[in-house]
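Same order as they appear, the protein sequences are chains A, B and C.
Every letter in the first sequence is one number past the one before it in the working numbering, and letter 273, counting from 1, is 273.
Counting from 1 along the second sequence, just add 297 to a position and that's the residue number in the working numbering.
Counting from 1 along the third sequence, just add 560 to a position and that's the residue number in the working numbering.
Quick caveat, the hints were computed from the structure, so don't treat them as lab data.
You may find that some hints are simply not true.
Cut-off 25 Å, straight-line C-alpha distance, at most; resulting in silico cross-link-like pairs (DSS-like, lysine-lysine) [what the hints assert, rightly or not]: (1) K467(B) x K327(B); (2) K305(B) x K526(B); (3) K315(B) x K526(B); (4) K420(B) x K467(B); (5) K786(C) x K352(B); (6) K467(B) x K786(C); (7) K526(B) x K352(B); (8) K760(C) x K786(C); (9) K420(B) x K588(C); (10) K244(A) x K30(A); (11) K760(C) x K420(B); (12) K368(B) x K352(B); (13) K760(C) x K467(B); (14) K368(B) x K305(B); (15) K368(B) x K786(C); (16) K485(B) x K467(B); (17) K305(B) x K315(B); (18) K368(B) x K467(B).
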Amino acid sequence: MMQLIWDGLFVGSFYALIALGYSMVYGIIKLLNFAHGDLYMLGAFIAFAVLSSLGGIPASLSIGALLVVLLLSMLLTGTAGVLIERFAYRPLRGAPRLAVLITAVGVSFSLEYGVAALAGPNPKAFPIRLEGEVFNLIGARVSLPQIVLMIIAGLLMIGLNSYIHNTSTGRAMRSIALDRNASLLMGINVNSVIARTFFIGSALAGAAGVMAGAYYGKIDFLMGFIIGLKAFTAAVIGGIGNIKGAMLGGLVLGFVEAFGAQWFGGQWRDVFAFAVLILFLTLRPTGILGERVTERV
Amino acid sequence: MSAVLEVKDLQIAFGGVKAVDGLSFDVHAKQIVAVIGPNGAGKTSAFNCITGFYKPTAGSVLLNGNAITGKRPADIAAAGVSRTFQNLRLFPDLTVLDNVRAGMHLYGGQSWADAIFHTPRFKRSEAWYTEEAHRWLDFVGYTGPRGVPIRNLAYGQQKQVEIARALARKSDLLLLDEPAAGLNYSEKQRLLELCNRIRELGTAIVLIEHDMGLVMEVSERVVVMNFGKEIAEGTPAQVKANPAVIEAYLGRDEDEEVPHGDA
Amino acid sequence: MTENVDTTLAPKRVRPPSNWLSRLFESKQLGWIALALAVAIPFINATPYVLNVLTTAAIFVLLASGLNIVVGYCGLLDLGYIAFMAVGAYTAGIVSKAFELPLLFTVPVVLVMTILAGLIIGAPTLRLRSDYLAIVTLGFGEITRITANNLAITGGPSGIFGIPGILKIGDFDFQQPAVFYFVTVFVVAGMVLAAARLGKSRLGRAWRFVREDEDAAEAMGIHTYKVKLLAYIFGAIWGGIGGVLFAGHFSAVAPQSFIFLQSALVLMAVVLGGMGNTRGVVLGALVISLLPELLRDLAEYRYLAFGILLVIVMVFRPQGFWPARGYEPERVPTGDKEPAVAGGTK
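For reference, chain A alone in the conformation it holds in the complex (with noise of 0.2 Å):
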């Protein structure tokens, strides 16, 4: 029990480092990111070369220097993620939502065999590969690696948070929810502010990719399309554009998964959360912190 919680906690906060940008975006300019789980292989494959080009890293030293690829890694996916809103997404701001959707589609595939054609399709064994010693805690079974990724994904977490909450940047993104037009008006550059989203969003889910890689040791081009998904389940499931929802979104659907694979097998636990994103989008779209929107015609 007290396992199936702690690997529910573990997962869920890799999903919630990835639902955040997904929210984030989504939050600001009504985009459904399709790209985005692959920003988080895109950070885990930046890592990976980075890595390579260095030669083998000493084991003692691999928390070290995985913090300092992660900071590179989250600068250039960051800077991948606004390159694509650039390119793509922007001159197709006020397109019909199908093109703009297709666009995201298209995006996605080119990041995917882009990298393939680049790194060749078959999977790669990440250069650092976090180990440590396994203790009980409580009565779950937890290592080390899993606590420091732990630690890393809830700073930077709440490093969004208090920048959000408290820069005028943060507060420029939030007015731009409301109302873009209106922000304009007021001075607010509006393309900047969506770039630095989408430069905060691509680095954390970068980040989470480089955290993957490091801890399951293994990284392949498709490895964002699943997780790509959940992370959309999870910032559905908080109440999408909703920050905080995200991040409790990511733990709930961390918690489900473990849970139901735990009930009803491992082979279903991707089915089990599809499965749940359907039932809150045809239950309750606008999540558990989500507020209802009347659409007005």
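Keeping the supplied structure of chain A fixed, place chains B and C upon it in accordance with the hints.
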């Protein structure tokens, strides 16, 4: 003669704001009733309640004596209500004719199987659709191109097509939301004349309009709304002389000029 | 405010096709020409490889024309369309193996199952906003594949093999590659024609009304939910028939044929070709399925190229390479049915 439309004590609230607060009026066949009031008075909200786009919080709407309150928009349309929208809601990529055919959708005469096998019934039905669409375009006096996507057309032409589309529905009640907005003088004259011809078809019309000249000339009765409430109802002359109406439009300032007919 | 100038400009946009190529593309006989070509090819080259590639391409054309109903006509983004083909293929495979029936006789069951699948996927989701719908269909697609991967009746990861042929009358086996190719071509041609005709009917117009403006469609008495559900069901049927052909072509069905990549490829065919235009969609499907065969050396880069192309098309030419023609014949209003405009003509 029984009323085509009876609105009784209609109310709708968004959050705490009562957009419509106790609106009652009825409309008879061949009658034109205008709903006027300052911007934000709740006129369009009332239309949206009548046509089912909003669910009224309280009150009832009867069409030919049958309650249609809170039904789906499509059901209300099928029951015999058609409308235009304040900001044109046409199908921009479709041709003018297709836009009008939308209004005739309920008079199908063909099934999907007819379409797949191109049965004689299908061909008859399609010919009817086309002919009827042309007829309604002629009726509203539309002289522009008909086979082109409607997004390419001038605003005034689009407004004409929207009315043709609503007429093609052949409903008992037609709701026009600011049909004269953005039209020039001669277009307004044609609209006025069109309203009279629609009335001759036996259709009842409710129109929201800011153009007082048009309202005074075309409508039998006028309902005045302000802040969601109905503040006056009567013939154009009665309403024009009503102090509450004058106040709603011009405020309480004593120095203001007395309003003249076409504000 | 209103520019009446536009009146005189607009009719000029109905331009007659200028060069021979566009005349050919717009001509009414194009479908027959394409069909004749498809039938003629095996008489020129009938190697197993060519027949295999062509049969696969024809099935792909069928899928694209089915997805075009959902995405092109009705404007609903379905990212899990291949699931309908999976349902069709598995149903056909399971039923024909269990009862030792030729595949042809499984079609009624396949129709029932795919319609059911369309209802199950559509009913709860079609009230959702369009972007949610896209993700949910993706989820359903994955659920279908994972389920097939894990159930005993579907043969698990290895799937079903040794599926009986499509039909055998006496000594004549329709399963021979060349014959099967002709069967496929005729089925696909019929279904493509049917889809195109649906698009030009009352129902097809209702789909477009819903795509363009749901509220306005509702105001005209169109039950948008029912209309969308019908789009889904028709899309599902096309996918299901595609599944039967797929099961017949490979005489085996396995989960890895129904990954998201396949849904995305069908979507690309529809989008690149021109959403809503049958000719464009057929061309798009042929390009997407045949191009990689022609450019084998670039196989590694084809998906990358497709992805980038998709973005470029959406940014610069969102209607696709061969968009639906937004025009229809004019008729000079005669005005004899109704008293024309009594007093108001200019």
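Consistency of the hints with the structure:
1. Proposed proximity of K467(B) and K327(B) is supported: the alpha carbons are some 13 Å apart, at most 25 Å.
2. Straight-line distance between C-alpha atoms of K305(B) and K526(B) comes to about 13 Å, which keeps the hinted pair within the 25 Å bound.
3. The hinted pair formed by K315(B) and K526(B) meets the criterion: a straight-line CA distance of about 9 Å does not exceed 25 Å.
4. Simply put, K420(B) and K467(B) have alpha-carbon atoms about 22 Å apart, close enough for the 25 Å limit, and the pair holds.
5. Our distance criterion of 25 Å between C-alpha atoms is met by K786(C) and K352(B), whose separation comes to about 21 Å.
6. Restraint check for K467(B) and K786(C): satisfied, since their Cα atoms lie roughly 22 Å apart, inside the 25 Å limit.
7. For the given pair, K526(B) sits about 18 Å from K352(B) by alpha-carbon distance, which is consistent with the 25 Å threshold.
8. For the proposed pair K760(C) and K786(C), the alpha carbon gap of about 18 Å is at most 25 Å, so the pair holds.
9. Straight-line distance between C-alpha atoms of K420(B) and K588(C) comes to about 18 Å, which keeps the hinted pair within the 25 Å bound.
10. Among the hinted pairs, K244(A) with K30(A) is consistent with the structure: their alpha-carbon atoms are about 17 Å apart, no more than 25 Å.
11. In summary, the hint linking K760(C) to K420(B) is supported, as the alpha carbons are separated by about 11 Å, within the 25 Å threshold.
12. As the CA atoms of K368(B) and K352(B) are separated by approximately 8 Å, the hinted pair is consistent with the 25 Å bound.
13. Taking the CA atoms of K760(C) and K467(B), the gap is about 23 Å. The hint holds against a cut of 25 Å.
14. Taking the CA atoms of K368(B) and K305(B), the gap is near 16 Å; set against the 25 Å cutoff, the hint holds.
15. Our distance criterion of 25 Å between C-alpha atoms is met by K368(B) and K786(C), whose separation comes to about 16 Å.
16. At roughly 23 Å between alpha-carbon atoms, K485(B) and K467(B) fall within 25 Å of each other, so this suggested pair holds.
17. Distance check on the hinted pair: K305(B) and K315(B) sit about 16 Å apart at the alpha-carbon level, within 25 Å; holds.
18. With a C-alpha separation of about 20 Å, the suggested pairing of K368(B) with K467(B) holds against the 25 Å cut-off.
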